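Colleague: Chains as they are written, first to last, in my numbering: chain Z, -6 to 319; chain F, -6 to 319; chain W, -6 to 319; chain P, -6 to 319.
It should be emphasised that the hints constitute simulated quantities derived from the structure, not laboratory data.
Note that the structure is a prediction, hence the values are computed from the model and not measured.
Don't take each hint at face value.
No distinction is drawn between identical chains; accordingly, a pair holds when it is met within one copy or between any pair of copies.
Simulated pairs of lysine to aspartate or glutamate, DMTMM-like, Cα-Cα distance not exceeding 25 Å [unchecked claim]:
# : residue 1 : residue 2
1 : Lys123    : Asp254
2 : Lys271    : Glu15
3 : Lys312    : Asp53
4 : Lys37     : Asp55
5 : Lys190    : Glu179
The primary structure of each chain is shown beneath.
Protein chains: 4
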Amino acid sequence: MKICLIGAGRIGIVHAIAIASEQNATLHSVVDVNQEAADSLAKKYSAEVLTIDEAFSNADIDAYIIASSTATHADLIEKCSQVGKPVFCEKPIDLSLDRAESCAKSVEQSGIVCMLGFNRRFDPNMASLKNKLDSNLIGSIQSLVITSHDPSPPSMEYIRSSGGLFHDMMIHDFDMACWLLNDLPESIYVSARANDKDIKREGDVDTASVIMNMKKGSIVTILNGRQAAFGYDQRIEAFGESGMLQVKNELEDKVVLSNADGINHAKAQHFFLERYEKAYHNELLHFMESYHLGVKPSVNIEDGVLALRIAEAAQRSLKSGLPENL
Amino acid sequence: MKICLIGAGRIGIVHAIAIASEQNATLHSVVDVNQEAADSLAKKYSAEVLTIDEAFSNADIDAYIIASSTATHADLIEKCSQVGKPVFCEKPIDLSLDRAESCAKSVEQSGIVCMLGFNRRFDPNMASLKNKLDSNLIGSIQSLVITSHDPSPPSMEYIRSSGGLFHDMMIHDFDMACWLLNDLPESIYVSARANDKDIKREGDVDTASVIMNMKKGSIVTILNGRQAAFGYDQRIEAFGESGMLQVKNELEDKVVLSNADGINHAKAQHFFLERYEKAYHNELLHFMESYHLGVKPSVNIEDGVLALRIAEAAQRSLKSGLPENL
Amino acid sequence: MKICLIGAGRIGIVHAIAIASEQNATLHSVVDVNQEAADSLAKKYSAEVLTIDEAFSNADIDAYIIASSTATHADLIEKCSQVGKPVFCEKPIDLSLDRAESCAKSVEQSGIVCMLGFNRRFDPNMASLKNKLDSNLIGSIQSLVITSHDPSPPSMEYIRSSGGLFHDMMIHDFDMACWLLNDLPESIYVSARANDKDIKREGDVDTASVIMNMKKGSIVTILNGRQAAFGYDQRIEAFGESGMLQVKNELEDKVVLSNADGINHAKAQHFFLERYEKAYHNELLHFMESYHLGVKPSVNIEDGVLALRIAEAAQRSLKSGLPENL
Amino acid sequence: MKICLIGAGRIGIVHAIAIASEQNATLHSVVDVNQEAADSLAKKYSAEVLTIDEAFSNADIDAYIIASSTATHADLIEKCSQVGKPVFCEKPIDLSLDRAESCAKSVEQSGIVCMLGFNRRFDPNMASLKNKLDSNLIGSIQSLVITSHDPSPPSMEYIRSSGGLFHDMMIHDFDMACWLLNDLPESIYVSARANDKDIKREGDVDTASVIMNMKKGSIVTILNGRQAAFGYDQRIEAFGESGMLQVKNELEDKVVLSNADGINHAKAQHFFLERYEKAYHNELLHFMESYHLGVKPSVNIEDGVLALRIAEAAQRSLKSGLPENL
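Isolated chain Z, as found in the complex (with noise of 0.2 Å):
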């Protein structure tokens, strides 16, 4: 499988090392607007470097990465849909729901198989926690709760461009909730705030409590922060009839000091990359997989549709201060 990376930043590279440990993968091109970032990854991994045109008129290339900047993602997943070729995209498909829409529509139309980066659910622990839930193991769901703090605020840059915290961030926890629970919320209730100062500038939150009324009647909550001293914090709490499922955080190592001053462990993994590096090589594994039997990715644009749906609803939450309906 010829792999045109579209996207050399920071999540382009993840895509990149994952593509290189794979036997049956290869990385064929790197497309970057950043001409330096595009020659850097390209050279590493003995790839060529593209144009977006030459990109997409390369017979070579049997499928898409796209891990470029989020207002480009629609476009490029039309691309694919245009050339009727697999494309594997970064959340989210759009900030605008229309958008997304209207993008989900030309994939429907071309057939092409298109997985959305949902990286969580590739991750081991949250695969094994799906696993028992799908397997009843403390019978039927009641509560769920979802805990996701980053472990420091990302630049203002980024914040601005990030579409704010449920679009950026949340959009994950959203996700994971359907999917976890095979479920949809009814409604969504927010309470939010910016304690940073520059962030409240920006007109974004980063602290947030929400509740969803799911469906089949679970009452799913989420606590999302942009920063947390102790690293990377992502559990997850499923309470059942008959048991409580958890997904604790993995420790930076099995450490132990014990001393006067108690007993202390390593912190918290203190980021995405290393949380979910299995993730995202099981993800890549699940795409290759997609794409050789032909059909439909496990996660894939109406997921993503979906999530941003349910990011818009928590927005309009916020701004009116009452649970809104989806």
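The hints should help you fit chains F, W and P onto chain Z, whose structure is shown.
Modeller: Relative to chain Z, chains F, W and P alone:
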């Protein structure tokens, strides 16, 4: 300090045990409409059995502990006001906020020591958390999450007279939130369901997620459930600008079995009597200290009124499906 | 059960507290060469102060608890034999194995109940471990590892009269090993050092690793130290053919701080008085039960003699540098 | 760095994977008496298949990795000495100390880089422990306890050619102890048994407790077992004058199930290939670095000789039942 205990049921027995273990306190007498219960408890601790009228006309008695049914609390507190003697009363003051407020007025006018039984404040873990928060160990608190699950639902008889989940169970969490944060809620939003058919039939709920926006800016999230297969689940997480403080569950023991099925720790202690054994004792100590020094206890009737006010707003939100102001 | 307590020091106080909390036991009287200590304890629990002679001629006394200095134990036990009354005695019986054996003979001839103070057997965690081992939960035990560290070394005065690490501290672990495995050691090998200069000057050691080959085939490893910066360290690991059972430390509380320095739990409970508070109480209950039923307690003078025999062999191994047979 | 891999079995494959993931290393060729294994591995990584003679006469090869059977190690290392090229060899050098010493001499005379495969030193947890010990985080080390249990016994064929528990398994722990403490043992005492009948028939043992008295005064205790129902058990505890440092097991995942049976965590990772995956990679990086800088690796043939010397003393102690000097 000669104590008259009104109510010889489950909680009454807990108080009797605490009194017996204290050198400077004596169980003077026991009052209960259930004659058998009163006799049995009085005999065990060499106390007298009195009627209510005798109890309030007996000059030997220094103080009263009220552990009778909720409906009697306000009347009994007012009798203590009338005789001008210190009283410790289990929560809630009354199921009606109005009645609780008039009762509080009588206490205020009489000037008696009136301590409310929010036992969790006296748990060594919670007290340590409070102490660490007040000392600014993790900076200002952005988010507080309180999780409380009972091991199994109470009897339907209990449910019927309990005033519902918010007045009976979550009232503890309302008090904890205000106490831990030294703050008051501006608004409250409730999502709740009855998963248990019997509880549903009674018009009550058994599972709830609640968000409170606090005046000083923290967001409080409370998760409650009437049953947890793994014991009495009582946890708190406070997220501050420079760290997180958690209170974790006390487990039944420290024996760990590692085998082909995994690494198995004991369940959480099964019920509040075990989990809060020390809390009940510390509570008594504080009541005795307030009595001896003649000062207001750290948790008094106003705290009880506040918690009830929040419970009423919660009930309103449950009905309206909207956030309710306080 | 009217109890005469001989010894009003640290351990004596622990026993007095346990007696006070038991409905069916009364602290009848206190004996101590330190008049002040005896007076103070007796006053607190409304008991009499007696001389040794009075104590053994008082017909009201039902049983004796010996918590005086080690050198007096054997004589006092023999006095109990002479008056034919039950006795609970703190370990060890004596520092000399010969003296302990002659004392045991007097007990045997008199037929009195004589219980030895191996308190750990009555700790709920250890009792649960024993129970699980006896029920064959992990199959036959191949290896047993006992770790015991005191929080800090005792006074040099204590060290001098203690009989040394093996007779004073590791004697508990010798008893635990035999009890947990229902087995006896064939041989013992000791490696030990004094890291503390004062302890070295006294000719004692403070750090030791010991291996015992047990008759039925298990290998027992014991690790001891006189100081641990993180509290009272008391752990056990039993490796069986189908799993491992561990007893972990009880921590001071369940509050966890997560910040840039890591994830910090409380230290282990600081001393044996906290860690074994319940054990002391359960021990008293068992003594009372043995007295009432007139049966041999589960831990009696023969167990004390056995533990001393092992401590003597340990001392021989320390000197010879070789494994010593028992 | 073009590497010739000698040995295409289980460990050989691990090295091939590590090489493939490194940009600056290439698997040049594979040698194995099992033609099929060599072909399969070579094909997967586009490498050549060579005979031993070809491997040592091929001028393109920069370095050798020896992952063949133990009996061939010393001869192959000497061939590397002869051709003057760097070699990485799996432990042990040989089962005979004499042979290992003569081999070490050839390495010394040739001056080649010769790194030994004590992989655990390169595990991030162990490396962090080492770092913390060297930085004096817990003061001088009084006691070091190393626990190693394999998940299940190897095949009898493996047992027969392994050289026994001490040469095959505990040799890692001997190396760890000397490395972590920067010290050497003065004497060693072994208690060991065969609980498995098949292993007993082979004259080997499967369960051992070992005490080593170290020159600088620490006591080292090593616990080994050939089977642990809960996975690959690899733990270390270092007790210092101001604290304890532990390395705990890596678990299979971070999913926790709490229900009526208790609180169940995942088992320890099942085998060394998972637990030490990163260690194997770091090991390769260190070998590459030693090659490029032309310096002695941090773990070299002398360390292999030392560990063998301790294993021989352990074997003597097992026979004599006495501590043996080194």
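Colleague: Determine for every hint whether it applies to the structure shown.
Modeller: Hint check:
With identical chains, the CA atoms of Lys123 and Asp254 are at most 25 Å apart between copies only, with a shortest distance of 19 Å across copies and 38 Å within one. When the C-alpha separation of Lys271 and Glu15 is checked against a cutoff of 25 Å, the pair qualifies both within a copy, at 13 Å, and between copies, at 17 Å. Taking the shortest Cα distances, Lys312 and Asp53 never come within 25 Å of each other, neither inside one copy (49 Å) nor across copies (62 Å). In the homo-oligomer, the alpha carbons of Lys37 and Asp55 lie at most 25 Å apart both inside one protomer (21 Å) and across protomers (22 Å), since each shortest distance falls under that limit.
For the identical chains of this complex, Lys190 and Glu179 are inter-copy neighbours only, at 22 Å across copies versus 33 Å inside a copy, given an alpha-carbon limit of 25 Å.
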